[in-house]
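Protein chains: 2
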Amino acid sequence: MAVRVVRTRAELREALTAAPRPLGLVTTLGALHQGHASLIERARTENATVVVTIFVNPTQFNEPADYERYPRTEDADVELCARAGADYVFIPAVDQIYPAGSDTVVRVGALTQKLEGAARPGHFEGVTTVVAILFGLARADRAYFGQKDAQQLLVIRRMAVDLAIGTDVVACPTLREADGLAMSSRNVLLTPEQRAAAPVLRRALLAARARYEAGDRYGESLRAAMRSVLATEPLAEPEYVSCADPETLRELAAFDGPALLSMAVRFGPVRLIDNEPLTA
Amino acid sequence: MAVRVVRTRAELREALTAAPRPLGLVTTLGALHQGHASLIERARTENATVVVTIFVNPTQFNEPADYERYPRTEDADVELCARAGADYVFIPAVDQIYPAGSDTVVRVGALTQKLEGAARPGHFEGVTTVVAILFGLARADRAYFGQKDAQQLLVIRRMAVDLAIGTDVVACPTLREADGLAMSSRNVLLTPEQRAAAPVLRRALLAARARYEAGDRYGESLRAAMRSVLATEPLAEPEYVSCADPETLRELAAFDGPALLSMAVRFGPVRLIDNEPLTA
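For the protein sequence lines, the chains are A and B, in the order given. If you number the first sequence the way the numbering used here does, the last residue is 280 and the count never jumps. If you number the second sequence the way the numbering used here does, the last residue is 1280 and the count never jumps.
Hints were generated in silico from the structure; no laboratory data involved. We put the CB at the ideal spot given by N, CA and C, even for glycine.
Here are some of the chain A residues that sit facing chain B, going by a computed Cβ distance under 7 Å:
id : residue
1  : S102
2  : D103
3  : T104
4  : R107
5  : V108
6  : G109
7  : A110
8  : I133
9  : G136
10 : M159
11 : D162
12 : A164
The following block holds chain A by itself, in its conformation from the complex (with noise of 0.2 Å):
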């Protein structure tokens, strides 16, 4: 089947009423690149339909500057979804999303006041709601999440679950370019300096990583060999750098289970994050 694009509340209702389950959702910024692509093509194993949705939310951008320049290429995102298998791709306008009068919003404690919420005030509330949104209009009974968004992840499932939302959310690996940078809808805002700078963020969370191998369990020890291996690259701001209970998302002392190492980092305007989970 091809592709088929719907851009209304009612359409995709309509659309989905009928639609052979079970049901796969990829919920997208789009930009669409080949991460995205691995969760369609996910889903599409896993489902008997599969639904994207391409919507720049806006209230999910603490920065109107940042809003402002994401990415648009929704002919692009179209073929993209079509290649990887969808069965429908929801594009809607923000009004289709935020009605006028809608007034609601939905919100995730303790987790969200950690790292990416600690630098982006009132971004998870945004995701939050607008994926609660998402869920309810799709019913789907998979959703799937990149691990490179770590936070978002854990954020989101906690709402799934606290909120009986019967969608299962899905884990899938990070994408990476052939020098290890995570591949993202902003990495195309970069300059070629700072593109040919970018790695520095895999390269940072490899050291950590080897250190946690050779038996170094102190958060601090391995924070520090992170950040160590970023000041090498003058173009590359750090934002935060984390070792932390990949659960609660509480900085590590000395540990002796999993972690996850994260980190934040600006190249002039452009802000990317990266992860690595160490799992004993």
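Let chain A serve as the given structure and place chain B on it in line with the hints.
Same frame as chain A, but now just chain B:
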């Protein structure tokens, strides 16, 4: 079919998986009376399966004493549900609604800042969160709420529409005792003297309605009419009286459309509410 009591999320899910549709839901705090019975009976006539929930939700009680004092009458409640035609009664413990680690809230904005929301800080956030969870668990086609809690009805409908929850929120008329007192689980907490005084709410609303029917379209005039009737009853301590837009709940000055009269009045520790919709 005899009514079946279920107590866990898992039991409810399993019971409802194969239940015939459409499914009607009545969410309650227990201490059921004829008003609740009328909601269940209405659900019975319009649905193939009827689920009643009984949960004294701690997060919507802004006063701990009100939560402690709230009547609990489980055996009688189940019997009333059976007589009124329910198929299932879901009576969860607190940890079934809020499992360890749960940390998500649902909040409606402007509508919750007025009247009951202003008088009871946090109340509506507790209501919308628990109702979102119960809607998630039950996946009902329709949910039935009494007009007696007029603001709650507006807030829950707002939430359900905004989050694309596929449950229609159905408004049902207020049931009253012979002397006009709106049925409420809190009425049993009144002393005989307070109970004898309580119909003053209804008399105040009807006095304002009489002015409206005589052509008075001034909000302050209708509020004054209610206040002056309430002032005749020494046991009644008015908390607010309102003549508001029935959609936005903004207080009205001169107006020419419909309105919602409402009030909250204390009798000692017991707080009663009532309202009267005015339609042109």
